[in-house]
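Asker: For reference, the chains in residue letters:
Number of protein chains: 2
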Amino acid sequence: MDQSKNRTELSELGEFGLIKHLTRNIKIKQKTSVRGIGDDAAVVEYKNKQTLITTDMLVEGVHFDLMYTPLKHLGYKSVVVNLSDIVAMNGTPAQITVGIAISNRFSVEALEELYDGMLLACDKYNVDLIGGDTTSSNSGLVISITAIGYADKDEIVYRNTAKENDLIVVSGDLGGAYVGLQLLEREKQVFKANPNIQPDLEGNDYIIERQLKPETRSDILELLKELKVKPTSMIDISDGLSSEILHICNQSEVGCSIYEEKIPIDPTTINMAKEFTLDPTVCALSGGEDYELLFTVDIGDYDKIKGNPSLTVIGHITNKSSGVNLVARSGALYPVTAQGWDSLLNKEEEV
Amino acid sequence: MDQSKNRTELSELGEFGLIKHLTRNIKIKQKTSVRGIGDDAAVVEYKNKQTLITTDMLVEGVHFDLMYTPLKHLGYKSVVVNLSDIVAMNGTPAQITVGIAISNRFSVEALEELYDGMLLACDKYNVDLIGGDTTSSNSGLVISITAIGYADKDEIVYRNTAKENDLIVVSGDLGGAYVGLQLLEREKQVFKANPNIQPDLEGNDYIIERQLKPETRSDILELLKELKVKPTSMIDISDGLSSEILHICNQSEVGCSIYEEKIPIDPTTINMAKEFTLDPTVCALSGGEDYELLFTVDIGDYDKIKGNPSLTVIGHITNKSSGVNLVARSGALYPVTAQGWDSLLNKEEEV
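Protein sequence lines, in the order shown, are assigned to chains A and B.
At position 187 of the first sequence (counting the first as 1) the number is 999 in our numbering, and the numbers step up by one without a gap.
At position 303 of the second sequence (counting the first as 1) the number is 1115 in our numbering, and the numbers step up by one without a gap.
Treat the hints as calculated values from the structure; they're not laboratory data.
If you're wondering where the values come from, they're calculated on a predicted model, not measured in any experiment.
Don't take each hint at face value.
[Said to hold, decoys possible] Just the calculated beta-carbon pair ranges, DEER-fashion:
hint: 1; chain 1: B; residue 1: Gly1135; chain 2: A; residue 2: Phe1003; range: 52 to 62 angstroms
hint: 2; chain 1: B; residue 1: Leu1145; chain 2: A; residue 2: Lys936; range: 44 to 54 angstroms
hint: 3; chain 1: B; residue 1: Gly873; chain 2: A; residue 2: Phe1003; range: 30 to 40 angstroms
hint: 4; chain 1: B; residue 1: Asn977; chain 2: A; residue 2: Lys1037; range: 51 to 61 angstroms
[Stated by the list, open to error] Some residues of chain A that are not near chain B, with every Cβ distance over 10 angstroms (derived):
hint: 5; residue: Arg836
hint: 6; residue: Pro882
hint: 7; residue: Ser919
hint: 8; residue: Glu997
hint: 9; residue: Lys1000
hint: 10; residue: Ser1030
hint: 11; residue: Asp1078
hint: 12; residue: Gly1119
hint: 13; residue: Pro1147
For every residue, glycine included, the Cβ atom is placed at its ideal position computed from N, Cα and C.
Working from the sequences, and respecting the hints, build out all of it.
Answerer: As structure tokens, then:
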């Protein structure tokens, strides 16, 4: 019947058939998931815990480019960026719901790839896919995911609770996702100019993976528990270090000093930034999409975290009147401004 | 600075500025909302309750046509259709998160209209808007809402628990939203042919409102509590009576008989259906978007509900082998098939 064995049209299954097909292998694993897909609403129960809820949308042409983003990676990333918001509250992600608007130019197989990636992330982070909505779109692909998680009331870490003299800490390293994106964009242009040229990504696996397959740092929450350190405030780095530290400082009504020389940047990131004549520090400050954790700890906890290879102290909280500052290698002080990735402004620039 | 006082470009505010602007008047009202907008995730706490979660997407050109859908109505409806899924679990909706992908052809004022409608629905149904995401889109408007609610564990009513001999009940009346849509579509075509002709909607407020400003029947849950009736299964009618009764019967592994003459249809709906040479029963069965409740009750509860103007008994549950049947006015038996509104097939037809 169909012209190609490898392409099943969405319309062959219809909405209910499609949802049934895509979710046929989903098994509920979490005790907290009372009821998953198949009713008007999903049911979860976190006894004596508070519930954390976050929603993120990913829009084709704005947040991702299918020319260099494999659908499986996109599915994985779309889940991870949501789980990251639960983790940034010091919570345990446990469930997601998935809304997808998709045009008929996609096949059932393409959608399966996307789901495979989402379910891979669910497996890795012990999360159940408990509900959602799949619908058609007249144009691009839009993915909207809501992540649900839990934490004890006194475990939750907010953004607005940093205190003067707290140390500012980041996990992992920064800027990689941004230079990875620059590399992918460059190779896309090369490919568009001459489709016979193979993309030159060799030796840059790390930054490509930072862009295409980020992880959420739930391992850092484990580490902090082992170290008996509870952050005084926390946020995940989705829009760049500048933007996130401003959120913490503004909402906590404090200032801070961040030291340029302390910002952790991987050598691959530094080399690639230089290839693009970009300042690696600017990539770390404004690049975004690293999904590392930015948090503050009481200065008394310094001994517990110092020297840990996963954690870097990059500065400290000051009083509000001192402002939010970057201390450059030269010793000069620069006020930090939000030049994080702003999807609406970004869009405007593209037009 | 701006050319028109009535149009503020989205780019003038940027993403964070836009979210701040749109959410500036939002106040948390529910005790269960611990933390709303402004952190990585929202926090809710339902002590000793189970949590209900549902997500729905509304896509421009698929689920709504901005030519005849005022943005305020669209905002209202997009919230209501989600709350309806919580109500259909016999739960209390308490919070929503809102994801919006919007193109720059919309102004800040247009987005304010949309938010006004959403907040109006939040006010009416005592729900807090606690989080979300606003981003740009390269084309149409996409709205993704997640509704969160709660219920006692033994209060929740699922779809898969209907029992043989149960009575099948619907609230309100059916088919109105569908004929309302037909009327709006007709007037759109008339307008496109001659923009000087005013739309002829007189006397049809009821069906227009059924389409543009539906309500969720949380009042029916109250009524059932007063009557001391707990449904044995329940679903909301978003895709049409046929589709919903099939969900209940298939998931409960039972059959049913529905009587055509019992299906409640408003006179305005009947008249307008006839004007379009549509069978009013088909409009009720396949139209969808009425957001009434379809539920089953134990036959022993018949005396409690009979004669109630808000409730109509339309049939009863049979054993599985009897199938899912409509008993026509003629006495003839027709197997019920899912011809509800299927957004993917619907889309296919439009192409």
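Asker: Now tell me, hint by hint, if it's right for this structure.
Answerer: The hints, checked one at a time:
1. B/Gly1135 <-> A/Phe1003: 52 to 62 angstroms: 56 angstroms, holds
2. B/Leu1145 <-> A/Lys936: 44 to 54 angstroms: 52 angstroms, holds
3. B/Gly873 <-> A/Phe1003: 30 to 40 angstroms: Given a distance of about 31 angstroms, which is inside 30 to 40 angstroms, the answer is holds.
4. B/Asn977 <-> A/Lys1037: 51 to 61 angstroms: Holds, at about 54 angstroms.
5. Arg836: Holds: least Cβ distance 15 angstroms, greater than 10 angstroms.
6. Pro882: 20 angstroms, holds
7. Ser919: The claim stands: A/Ser919 keeps its Cβ more than 10 angstroms from every Cβ of chain B (closest is about 13 angstroms).
8. Glu997: 17 angstroms, holds
9. Lys1000: Per Cβ check, A/Lys1000 is outside 10 angstroms of chain B; nearest 17 angstroms; holds.
10. Ser1030: Correct as stated: the minimum Cβ-Cβ distance to chain B is 13 angstroms, above 10 angstroms.
11. Asp1078: 24 angstroms, holds
12. Gly1119: 28 angstroms, holds
13. Pro1147: 17 angstroms, holds
Violation of the numbered hints given earlier is absent; every hint is satisfied by the structure.
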